[in-house]
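Sequences listed follow chains H and E, in order.
Numbering-wise (the working numbering), the first sequence opens with residue 3 and increments by one.
Numbering-wise (the working numbering), the second sequence opens with residue 25 and increments by one.
A few of these clues could be false.
What the hints assert, rightly or not - Lysine-lysine pairs mimicking BS3-like chemistry, simulated, CA-CA at most 25 angstroms apart:
1. E:241 with H:164
2. E:171 with H:48
3. H:62 with E:82
4. H:116 with E:94
5. E:82 with H:124
6. E:241 with E:171
As the list claims (entries may be wrong) - One side of the interface only, derived from the structure: several residues of chain H facing chain E at Cβ under 10 angstroms:
7. 64
8. 87
9. 89
10. 100
11. 123
12. 127
13. 175
14. 179
15. 180
Everything labelled a hint here was simulated from the structure, so no lab data went into it.
All C-beta atoms in this analysis are idealised placements derived from N, C-alpha and C, irrespective of residue type, glycine included.
This is what each chain is made of:
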Amino acid sequence: MRRILRRRGVSPLRLWKLPDQVLRLGILFAIGAVALLSVRQRLVPKSFGELGHYRADAVKAAAGQPIRYAGAEACAECHGDVAELKGGSYHRGVSCEICHGPAAAHVQDAGENKPVVPRERKACLYCHGYLPSRPTGFPQVIEKAHNPMEPCMGCHNPHDPKPPRIPSSCSACHGMIARTKAVSPHRTLKCETCHAADPRHRQYPTSFIPKKPTDRSFCGGCHAPNAPSSKHIPRVDVGSHGGRYLCWQCHYPHHPEAR
Amino acid sequence: MEETPARREFLVELLKLPCSAALVSVLGPVTDAEASAAKEGAEAVGEHYYGMGIQVDKCIGCGRCVEACKSENDVLREPFYFRTWVERYVVHSDGKVTVDSPNGGIQGFEAPEEERDILRSFFVPKLCNHCDRPPCVQVCPVGATFKSRDGVVLVDADYCIGCRYCIQACPYGARYLDPRTKVADKCTFCYHRITKGLLPACVEACPTQARIFGDLKAMSSPLRRMMRMSSLQVLKPALNTEPKVFYSTLDKEVR
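Next up, chain E with everything else stripped away, as it sits in the complex:
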């Protein structure tokens, strides 16, 4: 083989060029990425696995959770846009069940005019169940809604195309289309708060501790204690969505 050294050198130089460029582009951000990874490592690795417990017999229907949620997350004030809401169930003596949630319960509830035929009545706070097998994530055509490593179902507002499939797919009605951004929106368990060690706004605002937030991986979290001590149920268990919002003392009429 009689290739001139100049040619060989040229080829070697040619190979080096993209390699060094790639090296510079990789090495530069690596140091930054390492620093931020150490900070946000907990979220990426999934150190926690979050869930919520709701003690139905403690809910007084004051609607402060709805108010706190809307303030904290800048949810539209009009009715129809709720990340969490409170439903009032009334079982009448003839077995008929009425459910209402005037403006999500944000202004509380009015006492019924006739209460003599009430057999039993109670409040049920509702929110995204952060399913372990979320149907909304399954239907998203672009991967804009997803289950994070710590078990929270989130929406990527920058990437969502607003097709509304997830809103249709959610069996709990926990999603809505934000008319300002034209993308799907939902409860995030106040992801910005829980990653900083704070409680979700609705849990912070619950005066009777009907809502309990915690880490399902920690054996000693308030949530695990509540789960050990209560008879637990989830909403629509037949759908196999495996919700991570657990209700205690839930009435059979609750859907």
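One chain only, chain H, in its complex shape:
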């Protein structure tokens, strides 16, 4: 074919009958495309797009960050005795490194990197200092009132925390209710007036749960029109007042509002 063309004195490219300017433009485009591809090759980072619109190596980099917290299982491997004691205590859900700080370095080299042993009151108060925002029933103390300046560890073993003696008053655990009741019209009532409690509740709080009133007639014992109580106590017809609702569904008994 070429021989035929050459014989006629035409270059092979003339066969396409392309004008010169188009040819030049085509060459320019070709150079541009090659340049674009090579620049792109250089600029788009390695491993980009392997897993998605990101560098796959970044996932490996994120996974390769060093670990500081070893985890409670690692602690138990050497400190089995403490883990066992703590495992049966109220602090069983409290991981070692919450108090003792990150200990992965200690797991690697136990002699060089000693974890911290917090002995100041503040360490316990992070969790056990009184805050009204904390969930009801969570053990809390008012720092200024609860044996000020004494270290917590003098009376409580943090690996097996227990009250040093069985609490004598309800307010030791139910402080928020006690404080609310103290400023309410019900301040003179004893807790036992409404809550019959097994004495063992003080030692095993969740196993022996105190009772609560169940019907309107209980409140009627003081608040019914004919109840044998002081004449200053507000009276209400227990049979009809409030319709289908029980007394404590509208009035909070620890701080009852009459209106």
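Guided by the hints, dock chain E onto chain H, whose structure is given.
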């Protein structure tokens, strides 16, 4: 056609040369890549799909999660730089709501002086929600922030240009610009820990198990159990970001 054999041979040789070079360059690393793929296969394939549950009624606001997060991930100690933080909500008897988070709650909280007008109060731990449809990923102009195959939203610190678009886009305020590296930073669910079978540092450090971490694909993970047993909510559901941090017993005042 009368091309000389020498010419043909030359052309064939010319073709072989780049092919063999390419083959060597491909075959060499393949063996390495296969070995590492077997090790990191779980992440690449997306065997897991991670999420977190937060039981608001269990949070005591001790701030140990914030402390653990900063220690584990070398987050700057100054306020304003948090991968996770704890907010205290106080609803007053007149209906007014105050929210505070002194230094992210890392030093705990001070008791309020006047508590008689508190109607209810609680703590809400917050962190990156690892949205299933992350707005931060959508706005990143270079593909430096992304959702990995196991559902974790990560930042490629080597590739981020520090333009701060993602910080603006995040509706949860979970991102910040690290002044040391000048790139965006955020919670990674402690990706380096979870890929090794450990718990995220904040979950490890939570004394009341208010935070629960797990695999959404596993039917028997602690997270799935919590999700079955609780009334779940997510933050800002109207934005359709589909967060993978699920809150139980969340108050309506929480934003």
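**Prompt:** Given residue 123 (chain H) was flagged as interface, is its beta-carbon under 10 angstroms from a beta-carbon of chain E?
**Reply:** 12 angstroms, violated
**Request:** Would you mind confirming whether the straight-line C-alpha gap from residue 116 (chain H) to residue 94 (chain E) stays at or under 25 angstroms?
**Result:** Distance of about 20 angstroms is within 25 angstroms: holds.
**Asked** Going by Cβ atoms only, is residue 89 (chain H) closer than 10 angstroms to chain E?
**Response** Not OK, violated: residue 89 (chain H) not within 10 angstroms of chain E, min 14 angstroms.
**Asked** Going straight from one Cα to the other, do residue 62 (chain H) and residue 82 (chain E) come out at no more than 25 angstroms?
**Response** Violated - the C-alpha atoms of residue 82 (chain E) and residue 62 (chain H) are around 34 angstroms apart, more than 25 angstroms.
**Request:** Please work out if residue 241 (chain E) and residue 164 (chain H) have their alpha carbons no farther apart than 25 angstroms.
**Result:** With Cα atoms ~40 angstroms apart, residue 241 (chain E) and residue 164 (chain H) exceed 25 angstroms; violated.
**Item:** Restraint check, 10 angstroms cut-off on beta carbons, for residue 180 (chain H) near chain E
**Value:** With a closest approach of 13 angstroms, the residue 180 (chain H) hint is violated.
**Item:** Closest C-beta approach of residue 64 (chain H) to chain E relative to 10 angstroms, hint status
**Value:** 4 angstroms, holds
**Message:** Checking one constraint from the list: CA of residue 241 (chain E) to CA of residue 171 (chain E), max 25 angstroms. Satisfied?
**Reply:** It holds: about 16 angstroms lies between the C-alpha atoms, which stays within 25 angstroms.
**Request:** Would you settle whether the hint for residue 127 (chain H) is holds or violated, based on the nearest Cβ-Cβ distance to chain E being less than 10 angstroms?
**Result:** Because about 7 angstroms separates residue 127 (chain H) from the closest Cβ in chain E, which is inside the 10 angstroms limit, the hint holds.
**Given pair status - residue 124 (chain H), residue 82 (chain E), alpha carbons within 25 angstroms** = 21 angstroms, holds
**Request:** Grab the minimum C-beta distance from residue 100 (chain H) to chain E and call the hint holds if it beats 10 angstroms, violated otherwise.
**Result:** Since the shortest Cβ distance to chain E is 5 angstroms, the answer is holds.
**Message:** Checking hints one by one. Is residue 175 (chain H) an interface residue toward chain E, by the C-beta closer than 10 angstroms rule?
**Reply:** Violated. Min distance 15 angstroms.
Checked against the numbered hints above, the structure violates hints 1, 3, 8, 9, 11, 13, 14 and 15; every other hint is satisfied.
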